[in-house]
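Enquirer: Read off the chains here:
2 protein chains.
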Amino acid sequence: MTNILILGAGRSATDLIDYLLHLAPQKDWKITVGDFDKELALQKVNGHSHGEAIFFNVNDEALVEKYVGNARIVASFLPAHMHIIVAKACLKHHAHMVTASYLTEDMKALDELAKAEGLILLNEMGADPGLDHMSAMLHIDAIKAAGGEIFSFKSYTGALIAPRSNDNPWGYKFTWAPLNVVLAGQGGTARYVRDNRFRYIPYHRLFSITDTVAVPGGYGTLEAYANRDSLPYRSKYGLEAVPTLIRGTLRLPGFCEAWQALVLLGLTDHSYLVEQADHFTRAQWLGAYLPYNRNPDLEVATADFLGVDTNSPLMDKLRYLDLFSQKPIKRKQATPAEILLDLLAEKWVFKPEDTDSLIMVHEFAYRLAGKTYLRKTGLAYEGKNHDHTAISQTVGWPAGIAIKLILEKTISTPGVHIPVEEEIYRPVLAELEELGIRFEEEERVAEGYMP
Amino acid sequence: MTNILILGAGRSATDLIDYLLHLAPQKDWKITVGDFDKELALQKVNGHSHGEAIFFNVNDEALVEKYVGNARIVASFLPAHMHIIVAKACLKHHAHMVTASYLTEDMKALDELAKAEGLILLNEMGADPGLDHMSAMLHIDAIKAAGGEIFSFKSYTGALIAPRSNDNPWGYKFTWAPLNVVLAGQGGTARYVRDNRFRYIPYHRLFSITDTVAVPGGYGTLEAYANRDSLPYRSKYGLEAVPTLIRGTLRLPGFCEAWQALVLLGLTDHSYLVEQADHFTRAQWLGAYLPYNRNPDLEVATADFLGVDTNSPLMDKLRYLDLFSQKPIKRKQATPAEILLDLLAEKWVFKPEDTDSLIMVHEFAYRLAGKTYLRKTGLAYEGKNHDHTAISQTVGWPAGIAIKLILEKTISTPGVHIPVEEEIYRPVLAELEELGIRFEEEERVAEGYMP
Numbered sequence: 410m411t412n413i414l415i416l417g418a419g420r421s422a423t424d425l426i427d428y429l430l431h432l433a434p435q436k437d438w439k440i441t442v443g444d445f446d447k448e449l450a451l452q453k454v455n456g457h458s459h460g461e462a463i464f465f466n467v468n469d470e471a472l473v474e475k476y477v478g479n480a481r482i483v484a485s486f487l488p489a490h491m492h493i494i495v496a497k498a499c500l501k502h503h504a505h506m507v508t509a510s511y512l513t514e515d516m517k518a519l520d521e522l523a524k525a526e527g528l529i530l531l532n533e534m535g536a537d538p539g540l541d542h543m544s545a546m547l548h549i550d551a552i553k554a555a556g557g558e559i560f561s562f563k564s565y566t567g568a569l570i571a572p573r574s575n576d577n578p579w580g581y582k583f584t585w586a587p588l589n590v591v592l593a594g595q596g597g598t599a600r601y602v603r604d605n606r607f608r609y610i611p612y613h614r615l616f617s618i619t620d621t622v623a624v625p626g627g628y629g630t631l632e633a634y635a636n637r638d639s640l641p642y643r644s645k646y647g648l649e650a651v652p653t654l655i656r657g658t659l660r661l662p663g664f665c666e667a668w669q670a671l672v673l674l675g676l677t678d679h680s681y682l683v684e685q686a687d688h689f690t691r692a693q694w695l696g697a698y699l700p701y702n703r704n705p706d707l708e709v710a711t712a713d714f715l716g717v718d719t720n721s722p723l724m725d726k727l728r729y730l731d732l733f734s735q736k737p738i739k740r741k742q743a744t745p746a747e748i749l750l751d752l753l754a755e756k757w758v759f760k761p762e763d764t765d766s767l768i769m770v771h772e773f774a775y776r777l778a779g780k781t782y783l784r785k786t787g788l789a790y791e792g793k794n795h796d797h798t799a800i801s802q803t804v805g806w807p808a809g810i811a812i813k814l815i816l817e818k819t820i821s822t823p824g825v826h827i828p829v830e831e832e833i834y835r836p837v838l839a840e841l842e843e844l845g846i847r848f849e850e851e852e853r854v855a856e857g858y859m860p
Numbered sequence: 410m411t412n413i414l415i416l417g418a419g420r421s422a423t424d425l426i427d428y429l430l431h432l433a434p435q436k437d438w439k440i441t442v443g444d445f446d447k448e449l450a451l452q453k454v455n456g457h458s459h460g461e462a463i464f465f466n467v468n469d470e471a472l473v474e475k476y477v478g479n480a481r482i483v484a485s486f487l488p489a490h491m492h493i494i495v496a497k498a499c500l501k502h503h504a505h506m507v508t509a510s511y512l513t514e515d516m517k518a519l520d521e522l523a524k525a526e527g528l529i530l531l532n533e534m535g536a537d538p539g540l541d542h543m544s545a546m547l548h549i550d551a552i553k554a555a556g557g558e559i560f561s562f563k564s565y566t567g568a569l570i571a572p573r574s575n576d577n578p579w580g581y582k583f584t585w586a587p588l589n590v591v592l593a594g595q596g597g598t599a600r601y602v603r604d605n606r607f608r609y610i611p612y613h614r615l616f617s618i619t620d621t622v623a624v625p626g627g628y629g630t631l632e633a634y635a636n637r638d639s640l641p642y643r644s645k646y647g648l649e650a651v652p653t654l655i656r657g658t659l660r661l662p663g664f665c666e667a668w669q670a671l672v673l674l675g676l677t678d679h680s681y682l683v684e685q686a687d688h689f690t691r692a693q694w695l696g697a698y699l700p701y702n703r704n705p706d707l708e709v710a711t712a713d714f715l716g717v718d719t720n721s722p723l724m725d726k727l728r729y730l731d732l733f734s735q736k737p738i739k740r741k742q743a744t745p746a747e748i749l750l751d752l753l754a755e756k757w758v759f760k761p762e763d764t765d766s767l768i769m770v771h772e773f774a775y776r777l778a779g780k781t782y783l784r785k786t787g788l789a790y791e792g793k794n795h796d797h798t799a800i801s802q803t804v805g806w807p808a809g810i811a812i813k814l815i816l817e818k819t820i821s822t823p824g825v826h827i828p829v830e831e832e833i834y835r836p837v838l839a840e841l842e843e844l845g846i847r848f849e850e851e852e853r854v855a856e857g858y859m860p
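For the protein sequence lines, the chains are A and C, in the order given.
If you're matching positions, the first sequence starts at 410 in the working numbering and goes up one per residue.
If you're matching positions, the second sequence starts at 410 in the working numbering and goes up one per residue.
A hint or two may mislead.
No copy is singled out in the list; a pair is fine if it fits within one copy or between any two copies.
[Said to hold, decoys possible] The calculated lysine-lysine pairs, modelled on DSBU-like cross-linking and capped at a C-alpha distance of 30 Å, are:
#1 517 to 741
#2 645 to 741
#3 739 to 645
These aren't lab readings, by the way, just hints derived from the structure by calculation.
These numbers come from a predicted model, not from an experiment.
Input sequences plus hints: build the corresponding full structure.
Expert: See the structure below:
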């Protein structure tokens, strides 16, 4: 039996666990699932003959030694800052590792050691990051191989709700880590390059600068805001000199405008505690962020400040959050982001009958034999149900497939990786397609295209 | 001889040193001035018979032991984070201490120890903080003693240039720590209370919300933006339930609007490095912060973004900084704030023939015997010359006077203090008046006054 250790049994690990358990009997695998909440691990293993649920605490060295020491490969779906502990244990005990999180400098520094040990530490092996890299590299490599010169690459991803579950004015629900949604963009100034010009977008303007993106699968046209720092992807994607490279995050039209209002007001701030927050009503709390306005009507004062009409779609979204109500704030001491999170969590409920979707769109503009081409590829993948979500499947399946391919030595180049190499992306994308994750493609001659 | 130790011989210590050296012969004091730059200490001591200049490094324990161990009182004019090291040495070696910096939690925690040792650790004993507290408490205590009930207190301070030295469109020059000017407001969300309503102002809007303040001494009307967190001053000033308390920082009209533009663009950010900054011209650098705009004229694109005319005073201020020029950025790697600082430092030069000014305005609204009164007190103090600046005198003299009064036991209550107590503020203000730092006062009945 080959031992596979999965650390973290949260929502995004559901389909990773199912995928591996499903293959375990024929492959002679034992799947050990560890979580700080053992009950959660037990639920996910669900009594499978080749599975075991354990209590796991990454800060308990004895547990790390015991379980990593026993594994041939480890999938870390723990909070991202914990991966490095697991990675070091993997190197010590000669186990491969897969994560769905962004590659960090700490992790990168293990490259030589991993190579010396013949081990693979594969990061960014989820949906975004993960599927975005793989589906991009398939085309980037193909266009280059045909002699094309890519001068613009835009890549957009969104974890959204399925159109049939869209029943609130924001067009959004919490289908994954809610606090991460509230803090999105606060990690640093967003950057990209457009038309050979660098663009820096401070957080306080991030949601005011959007691209419009046509999406397949009945989603119509969405909006995208800049996703972190796109600049390093020039070298990661082998597009060192590309004049335009933009990675963006998709939202339904109108979301960004309203979120920008929350940012502008200061309600997404996570850097200080609002003292005695439970002494405020929601209306008083919102009022504390408005410039002084003698108009006693808070809705009018807010609309004034935002420069919109009180009947605007933007104000509808704020009203929907009960921001103008006399309801109390529940927390005693909390950051504005945490108070906002409570309000959102009441409204953006991903209900049992809801399904989510993972949307991904790439646009490549390139020149070949004197012509300019625009190639678009798009994915609109809907989750199966409330548990087997698009997020869980598009994050868990790439990681699961990679684990299988590493054990089968189809993926065999040691070192610290992200899935931009053909050895990884080609077989993974092929199997994802069998599982139903299929991109639509179109290409046309597009003279005069401007990025 | 009584030994007085002054640590830090920078610009704001000039008049502290002069004040103490002047009194030293008659008081039988020895003034030791320590700085990391011994040459600077030598200049400031200027061969005075009762002075000594030494090399001082606060991180060299032997030096701290030697010089603090020998002192009866220490003035720390080092960078603020170093005060706590000095304070602990003072407690150990039984010396009093005076600083002109904001009281920190670390320092506050030494209160009991200081009391047990019979020592005074006096903080915020400069201009702002310092003179602002003292000149406010004089009136707060007087109004309360007369039976008045203060319902609004606004306090504004500005370190500016004298009107005759105002020769640039910003009405501002670097008369004190330049990087602190660029980073002003970035320490956290500004807060105050107005009309019993809390106000939180995120940094990205700080300079867009200004009060208009009439100032004595030919300065006309200035603008003020919110100065840090005003809320703790309710208890510090003995105004626990006051419905309005606002502390603000004064600038010449138009400055805040233009600084807000720099903030909005993202040019004051100090949280990340612009890589290969020296590959940018200034125009390219500015352009990187603008939303994409097909207009090739950067001035037009900038004015569009800011919603102003290209001929507006705001655009004049930006042009004055050569932001639209093809001049290179000099630094290889720097934060936006550091790059901006270089541009400003070329223009906001405090020239040898220039003088500065310290402006302070307090507005107290109170009810007494059925009437509403508005009392205003204002200071417009101009520096003597380029070295003996208003900043140096209004920071150094309060500290110097406090040192004298502590040694004379006029100020004698042990513990950690800021100058809000009568024992401190009354004699210090009296001597400051002798030195020429005089407030104008006016009071009128002001029924219907709204804060």
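Enquirer: When no copy is specified for residue 645 and residue 741, does a C-alpha distance of 30 Å or less occur within a copy, between copies, both, or neither?
Expert: between (45 Å within a copy, 23 Å between copies)
Enquirer: How would you label the pair residue 739, residue 645 (within, between, both, or neither) given a Cα cut-off of 30 Å?
Expert: Cα proximity of residue 739 and residue 645: across copies only (29 Å, versus 45 Å in one copy).
Enquirer: Classify it for me, residue 517 with residue 741: is the Cα-Cα distance of at most 30 Å met within a copy, between copies, both or neither?
Expert: Between. Shortest inter-copy distance 25 Å satisfies the 30 Å Cα cut-off; intra-copy 41 Å does not.
Of the hints listed earlier, there is not a single one the structure fails to meet.
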